[in-house]
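Fit the two chains together into the complex; they arrive one by one in their own frames, and the hints show the way.
This is what each chain is made of:
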Amino acid sequence: MIADFQEKYSNRHQIAGQWKKDGKKVFGYFCGYVPEELISAAGIIPVRVLGSLDTVSLADAHLQTFICAFARSCLDQGLKGVYDYLDGIVISKTCDITRKMLGIWAKNINIPFTAFIGAPSKRTESARDCLTEEFRDLRSKLEEFTGKKIDDDSINRSIEIYNKSRQLLNELYEMKKADNPPLSGSEFYQVVKAGFVTPKEEYNEMLSALKAKLASSKPSGDGKIRLMVSGSTFEDVNVLKMIEDVGGNVVADDLCIGRRYFRDLTQPASDPIRALADRYQMKITCPCKHPSDERLYRLIEDVKEYRVQGVISIVQKYCDTHLFEYPYMRDMLQKNDIPFLYLETEDRMGEEGQFKTRVQAFLEMMG
Amino acid sequence: MSEKKSAKVKKRLKTAGKLGKLMDDYYKESAVVKAEKKPVAWLTSVAPVEVCYALDVFPLYPENYATMCSARKLSAEFCAEAEAKGFSPDLCSYALNSFGSIYLDKGPFMGKGLPEPDMLIATEHACLSMTKWWEVLARHYNVPLYVVDAALPIDDEVTSYQVKYFADQLRELVEFVEEHSGNKFDIDRFKEVLGYSDEASKLFMEVGDLRKTIPSPVSPVEIFTNMFPLVTLAGKRESTEFYREFCDEIKALAEKKVPAVPNEKYRLLWDLFPVWYNLRLFRYMEEKGGVVVADVYATAFGGRIDISRPFEGLAERYVANPILTSGVPNLTELYKRLVKEFSVDGVVFHSNRSCRMASMGQYDIKQGIFDDLGVPGAIFETDFIDPRTYSDEQVKDTLDSLFEILEARK
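Residue numbers (the working numbering), protein chains in the order written: chain A, 1 to 367; chain B, 1 to 410.
Hints in this document: simulated from the structure, not taken from any laboratory. Check before you lean on any hint, since a few could be wrong.
[To be verified] Taking lysine-lysine and the DSS-like style, the derived pairs with C-alpha atoms no more than 30 Å apart in a straight line are:
1. A:K107 with B:K336
2. B:K164 with A:K283
3. A:K317 with A:K304
4. A:K80 with B:K336
5. B:K191 with A:K356
6. B:K106 with B:K37
7. B:K184 with B:K164
8. A:K304 with B:K85
9. B:K191 with A:K122
10. A:K218 with A:K304
[Stated by the list, open to error] Sample of chain A residues facing chain B (criterion: CB under 8 Å; computed from the structure):
11. L102
12. K107
13. R128
14. C130
15. C288
[To be verified] Computed far set for chain B versus chain A, every beta-carbon distance over 10 Å:
16. K11
17. E77
18. E81
19. F109
20. V174
21. E199
22. D209
23. P262
24. L272
25. G289
26. P322
27. P329
28. N330
29. G374
30. E393
31. F403
Even glycine gets a Cβ: it sits at the ideal position worked out from N, Cα and C.
The shape of chain B in the complex, shown without the other chains (with noise of 0.2 Å):
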C-alpha cells in the first residue's frame, strides 16, 4: 500500500494525528538543535532521559530510530553493512541497523543517518548489548559515554543498596551531563520533569488496564505507536498532555463498550516485542477474532516515580522494573496474574532472536501458564526488525494452530 493511500484512511482515534505530529516536530527539532550546535545526547532505552531533558540536552533514541527503519524497510541493508564491517549476524538488529546506518550515513528522515551525538548515555539493566552497543558509538564518534550501570536481583526484592548505587549514578550522571553540555542543573527544573514523567507513566498505565474491559476499546497497533512519547518525551510536557487525551478517549471507548477490533472472540497476551516491520500481524489475528488485550512490552517502559526523593525515586522507578528483574519463576506468575485479569484465553510468544534475554525462559513460561492456568501459547520464532529471515507462512502457521486449539474449546 502506498503511503499515500494510508494516510487517507481515516483513523479511529482522534489522538492518532497528535502523535503523528510528536513525532515529526520531534524528527524536525533535532535536526534544528544540531544546526543551532546545541548538545544532542544518544540514550539507550529505559535510560534516564529526565535528566537530559532538565538539563536542556536532546535526546535520540537509536531504538526507536531502528524501529522506524524497519517499517521504511531499510533495515536489512542497514544490518548488511553492520554485518560487511565485521559485526556478527546474531547480534542484537537493533544494534546492527544503527551500525549501518551511520555507516551509510542513511536514514528515513531527510535521507540521512540521525544527528550526531556530543554524548552518549547507556544502561545495561535491560540487557548488557546496550552498553556494548554504545561502547562502539563511544569508539567511533570519539564522545564521552557514561553508562548508568546496575546492580540487579533476579526474582527477589531490589536492596537499598542497589538502589544507592543507581541513584548514586544518577547524581554523577548530571555531573556528566552538566560538564559536556555547559548547562546548569537545577533541582526544581528537574522536579517538575519527573512530574510530567510520571504522570505520562500513571496515565499510560491507566490506558493499560483499561484493556481488561470486554471488548478491549485499544488496539495492539494503537499500544505500541502510541509509546513513542513515553519512551522518547518522558518529561516533556507535551507528552503528559498527549497522555490525558489519549487516556481520557480510551475511558470514553471503554465506558460506550465500543471495540477496537470488531469481533473479539478471543483475548490474547503478547510476549514480547511487535515484529517492527510486519505490523499486519495484529490485523492477521484480529481477522480470526484474535485481539492482543495484554502485553508487557509497554509495561516495561512505565514505571512511577516517588518525586519527593527525586535520584532514589527516578533509580527506583528504573531498577524494580518487574519486567527487567525477574526469571522463569516470577515472569510465569506475572503472566498468570495478567491471563486473569485480562481474561486472557491465549498466549502469543515471539521469540526475538535478536533478544536472547528477553526471548530465553519462553518456553518455560509457555508451559508453566498452561499447566497452571490450562491457558494454552503458540511461540513464533523471528526478528524484530530485520526481515530477512522472516517466514510469512511459518508464523502464520504457529497462529493457526493456536487458533484452532481456541476454537475447539470455544
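With the rest of the complex left out, here is chain A (with noise of 0.2 Å):
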C-alpha cells in the first residue's frame, strides 16, 4: 500500500511528463507558503519542486558553496531539464535563498511563467490584508496565462479539496499517538510526499484507501522509543528508516515537509481569496516568519499529546532562520526535560553513518 505512495514520488517527473503530452500544464512551486488551491483552480497541476539524491554537477557553477543543499539540489536538477516539464514556477517570500532563487531560475531555465507573492511575516489584519492583494495579483496573472477566469465557485472547490487532502493526513497522523502506531515514520513520510506530486482528488482517494485499510490492521508491539523530528526539509527518507532501524519511531514532527505543510485548514468564507490569506498567513509558522515562538510552544505541547520521549532536530545546514532558532529551542526543550539531539546535514545523508551512530548513543542515553 505504500508502495503506491512511494512509487508515485520517485516516478514523479515520468507521471508529470505523461500529463504534459496529455495537453494539461504543471507548475512548480518551492515551500509551503504558496496557494497551490489557486493553481489548481486554474486547472494547472502543482507540484513541489523538491531536490534529489544525485551528485550534484551544474549547480556549483551559480551558487557559491554557503548556499544550503536544497536550494543547491532543486538548481541542479532544473539545470539537468530533470523539471523541463514545468510551464511556471511560483515562489513566495519564505525566506532569503528561496526568494533569490526565482531569478537564477528565470535567467539559466527556460520556464514561461514565473510569479513572486511578496508575503508578509507578521499575522496581524494589516499582513492577512496586504497576502489578499498578494494572491489576488497572483489569481490574475494566473488568469492571464491560461486565457480563463477563475472564478469563486472553482476556488472554493479547490479549497474544499485540499482541506480534505488535509483532514485526511491529519488524521492518519493523529493514528501515531497509538502505542503502536500502524504507520512507521518513514512510511507516514512516503505518504506525505506523494502528495506534493500527485493531483489532490487522486491523492485523497489513496488516502481514504489507506485510512480504512489501517482502521482494520492490528499493528504488533514494537516497544520502540518515540521520537518527534524537526526542522525545515530533507530529501532523504531514509534518515527516519535508520532511526527505526536502531530502535526509534518519529511519532511527531515539526517539518516543513511534514505537519507544518497540513496541520492548518482554510476557514471557508464569502472571499474565498481572503479565506487562503488568513489560512497561510495563520498556519503554524515557519522560522522565517515573525513572531516564530509559536511553533516551539506548539512543539512543546505536541511531545505532551505524543508521549515523544526525544526530538531529533534535522537542520539544513546555512539556513539561517533555523539556526538562529536552535539555541532557543535547545534551552526551552532542557526547560521542558525533553532529551534532544542535533544533527546539521548538507542532504545526501552521506554523513549516514556518523548520523547513525549519533542517534544510536542518543537512543541508549534515553533507555
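See below:
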C-alpha cells in the first residue's frame, strides 16, 4: 500500500511528463507558503519542487558553497532538465535564498511563467490584508496565463479538495498517538511526499483507502522509542528508516515537509481569496515568519500529546532562520526535560554512518 | 601601524576630521543618554530611524558597531564567544559579533559593549537574519521588539498595497515608540526630520554621481567611512550639514579634476560589502591602478522621501529600494547601467559568506555583464568582519588575475 505512494514520488517526473503529453499544464512551487489551491483552480497541476539524491554537478557554477544543499539540489535538477515539464514556477517570500532562487531559475532555465508572492511575515490584520492582495494578483496573473477566468466557485471547490486532503493527513497523523502506530515514521513521510506531486483528488482517494486499511489492521507491539523530528526539509527519507533501524520511531514532527504543511485547514469565508490568505498567514509558523515562538510552544505541546521521549532536530546547514532559533529551542527543551539531539545535514546523507552512531547513542542515553 | 601614527597622517579631505568628531560625539552621547535614563533603541540597518529622531529616542546600530569592532580587531573573539553559546559559525558574523560583545560586555568604546536597549526595532526587507537576530536580542534583554515587516516583490515594481502595508506599520511604530519612550509624536517635527534625512541622502547620492568624473574625485574608503552619518544620523541636522560640506568638497575636486587616487588606470565597480578589517585591500588595488568608482552598497542606504506624504513617502524610500527588490535579472541590468555610466573597466565581487542574500547570484551577474558588455569580473570569497577564514593570498591572487586581464586589454 505504501509502495503506491512511494511510486508516485519516485516516478514523479515521468508521470508529469505524461500529463504534458496529455495536454495538461504543470507548475512548480517552492514551499508550503504557495497557495496551491489557486493554481489548481486555474486548471494547472501544482507540484512541489524538491531536490534529489543525485550528485550535484551543474549548480555549483551558480551558487556559492554557503548556499544550502536543498536550494542547490533543486537548481541542479532544474539545470539538468529534470523539471523541463514545468510551465511555470511560483515562489513565495519565505527565506532569502528561496526569494533569490527565482531570478537564477528565470535566467538559466526556460520557464514560460514565473510569479513571486511578496508575502508578509507577521500575522496581523494588515498583513492578512496585504497577502489577500498578493493572492488577487496571483489570480490575475494565472488568468492571463491560461486565458480563462478563475471564478470563486472553482476556488471554493479547490479549497474543499485541499482541506479534505489535509484532514485525511491529520487523521493518519493522529493514529501515531497509539502505543503501536500502524504506520512507521518513514512510511508516513512516503505518504506525505506523494501528496506534493499527485493531483489532490487522486491523492485523497489513495489516502482514504489507506485510512480504511489501517483502521482494520492490528499493529504488533514494537516498543520503540517515540521520537519527534524537527527541521525544514530533507530529501533522504532513509534517515527516518535509519532511526527506526536503531530502535526509534518518529511519531510526531515539526517539519516543513511534514505537519507544518498540512496541519491547518482553510476556514470557509464569503471571499475565498481572503479565506486562503487567512489560512496561509495564520498557519503554523515556519521560522521565516515573525514572531515564530508559537512553533516552539506547539512543539512542546505536541511532545506531551504524542508522548514523545526525545526530539531530533535535523537542520540544513546554512539555513539561517532555523540556526538562529537553535540555542533558544535547545534551552526550551532542556527546561522541559525533553532529551534533544541536534543534527546538521547537507542532505545527501553521506554522513549516515556518523548520524547513525549519534542517534544510537541518543537512544541508548534515553534507554 | 599604531593608532598614534595613523592619527598623525594628514587626511586628504577637510571633512574627514568632521566625520571623526560626529562619530565620537555620537558614541559619547549614547553613554550620557543612558546615564540620564533617556530611552535607547537598537535598530537594524535600513530601519526607519527617522521615527526615533522625531521622538527623541537615541538609536544605536549593532551592525555599524560590528564594523567598528572588526576594524579594532575584536570580532574574531566576539564571534567565537557566540559560537560557544550554540550559535552556528555559519550565521551572519554581524549577529555573532553582536551576541559575543553582549556576552563578554566588551567593545571598542570605553571597553564595554553597547549601552543596553530599552526597545528594539527591526526590519527584514534587507535580509531575514535581521529579524531573527533581533528576536534573540528581545529574549536576551526582555525588552519590547517591533518588526517593520515588508511584503516585497522581486524583479518587479513595488505595488501600492505593499507600500500601504509598510506605511501602516510605520504608524504603528510611532505608537510603539511613544508607548515605550513616554514621548509624544509631533507631525511637524517628523516632517522636519524627514527633510534632513532626505537632504542627506540626496547629497550623498550627488557625491556618488560625481564619481563618474574621470579621474574619480573620491576614493572608496572615503565613501564607505563617510556612510556613518547616512545610516546612523539620518534625520539629524548635523548629518545633512556634513554631507553638504562633503559634497561641496568633492564637487570642487571634481571640477579641478583632482584624482582621489593617483594613477587611475582601471575604473572598478565594487559589489558589495567592504572587508571591514582590511580596508587596505582598496589600497592594494589602487597600487595597481585600480580605483573603485562605483558600488551599490552605499546606494542601498540612500533614497528620496516624498515629505508631503510622510508615512507613504518614508515607506517608499525603504521598500522601493532597487538593491533589495532585485534578483539576478534586474541586478544584472542595474550593474550594466553602472558599468556604462561610470566608465567601468572591471567588476570586483566580494562574495560575503555572512550575507547569503546579497552574495547569491553573483556568479550569474558576473557572467551577464561579461556576455553583454565584455567587461570582466572577479569574485573572491571571505567574511566582511570575521577575519578567521580570511586568506590574503587567495584574495590578492583573484584580484591579480583580474588586473592581468585588464592589463592585456589596455
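Hint check results:
Distance hint between K107 (chain A) and K336 (chain B) is fulfilled; the C-alpha atoms sit about 16 Å from each other, no more than 30 Å. Straight-line distance between C-alpha atoms of K164 (chain B) and K283 (chain A) comes to about 23 Å, which keeps the hinted pair within the 30 Å bound. Under the criterion of a C-alpha separation no larger than 30 Å, the hint pairing K317 (chain A) with K304 (chain A) is consistent with the structure, at around 28 Å. At roughly 29 Å between alpha-carbon atoms, K80 (chain A) and K336 (chain B) fall within 30 Å of each other, so this suggested pair holds.
With a C-alpha separation of about 62 Å, the suggested pair K191 (chain B) and K356 (chain A) falls outside the 30 Å cut-off, and the hint is violated. Taking the CA atoms of K106 (chain B) and K37 (chain B), the gap is near 21 Å; set against the 30 Å cutoff, the hint holds. As the CA atoms of K184 (chain B) and K164 (chain B) are separated by approximately 24 Å, the hinted pair is consistent with the 30 Å bound. For the given pair, K304 (chain A) sits about 27 Å from K85 (chain B) by alpha-carbon distance, which is consistent with the 30 Å threshold.
For the hint pairing K191 (chain B) with K122 (chain A), the CA-to-CA distance comes to about 28 Å; that is within 30 Å, so the pair holds. Of the pairs offered as hints, the one joining K218 (chain A) and K304 (chain A) holds, with about 25 Å between alpha carbons and a cut-off of 30 Å not exceeded. The closest approach between the C-beta of L102 (chain A) and any C-beta of chain B is roughly 6 Å, which is under the 8 Å cut-off, so the hint is satisfied. At its closest, the beta carbon of K107 (chain A) sits 5 Å from a beta carbon of chain B; the interface hint therefore holds under the 8 Å criterion.
A distance limit of 8 Å between C-beta atoms decides the matter here; for R128 (chain A) the minimum to chain B is near 10 Å, and the interface restraint is violated. Because the smallest distance between the Cβ of C130 (chain A) and any Cβ of chain B comes to about 4 Å, under 8 Å, the interface hint for this residue holds. A cut of 8 Å between beta carbons decides the hint on C288 (chain A): the least distance to chain B is about 6 Å, and the hint holds. Non-interface status of K11 (chain B) relative to chain A is upheld: no Cβ of that chain comes within 10 Å, the nearest being about 36 Å off.
Listed as outside the interface, E77 (chain B) is consistent with that label: its C-beta sits roughly 19 Å from the nearest C-beta of chain A, beyond the 10 Å cut-off. Listed as a non-interface residue, E81 (chain B) keeps its Cβ farther than 10 Å from every Cβ of chain A; the least gap is roughly 13 Å. Consistency note on F109 (chain B): stated as away from chain A, and its beta-carbon is indeed over 10 Å from all of that chain's, at 26 Å minimum. The beta carbon of V174 (chain B) is kept farther than 10 Å from every beta carbon of chain A, the shortest such distance being approximately 15 Å.
Interface exclusion of E199 (chain B) from chain A stands, the closest Cβ pair being 30 Å apart, more than 10 Å. With a least beta-carbon separation of about 27 Å from chain A, D209 (chain B) lies farther than 10 Å from that chain, consistent with its non-interface assignment. For P262 (chain B), the non-interface assignment is confirmed: its Cβ lies about 35 Å from the closest Cβ of chain A, beyond the 10 Å cut-off. Under the 10 Å C-beta cut-off, the non-interface status given to L272 (chain B) relative to chain A holds; the minimum distance is some 13 Å.
Distance to chain A confirms G289 (chain B) as a non-interface residue, since its nearest Cβ pair spans about 29 Å, more than 10 Å. Against chain A, the non-interface label of P322 (chain B) holds: every CB pair exceeds 10 Å, the least being about 13 Å. At the 10 Å boundary, the C-beta of P329 (chain B) falls inside the reach of chain A, the nearest C-beta of that chain being 5 Å off. For N330 (chain B), the requirement that its beta carbon stay farther than 10 Å from each beta carbon of chain A is not met, with the minimum near 8 Å.
Every CB of chain A is more than 10 Å from the CB of G374 (chain B) (nearest about 19 Å), matching its label as outside the interface. Even its closest Cβ contact with chain A, about 19 Å, leaves E393 (chain B) beyond 10 Å, as expected for a residue assigned away from the interface. Separation of F403 (chain B) from chain A is adequate, the least Cβ-Cβ distance of about 23 Å exceeding the 10 Å criterion.
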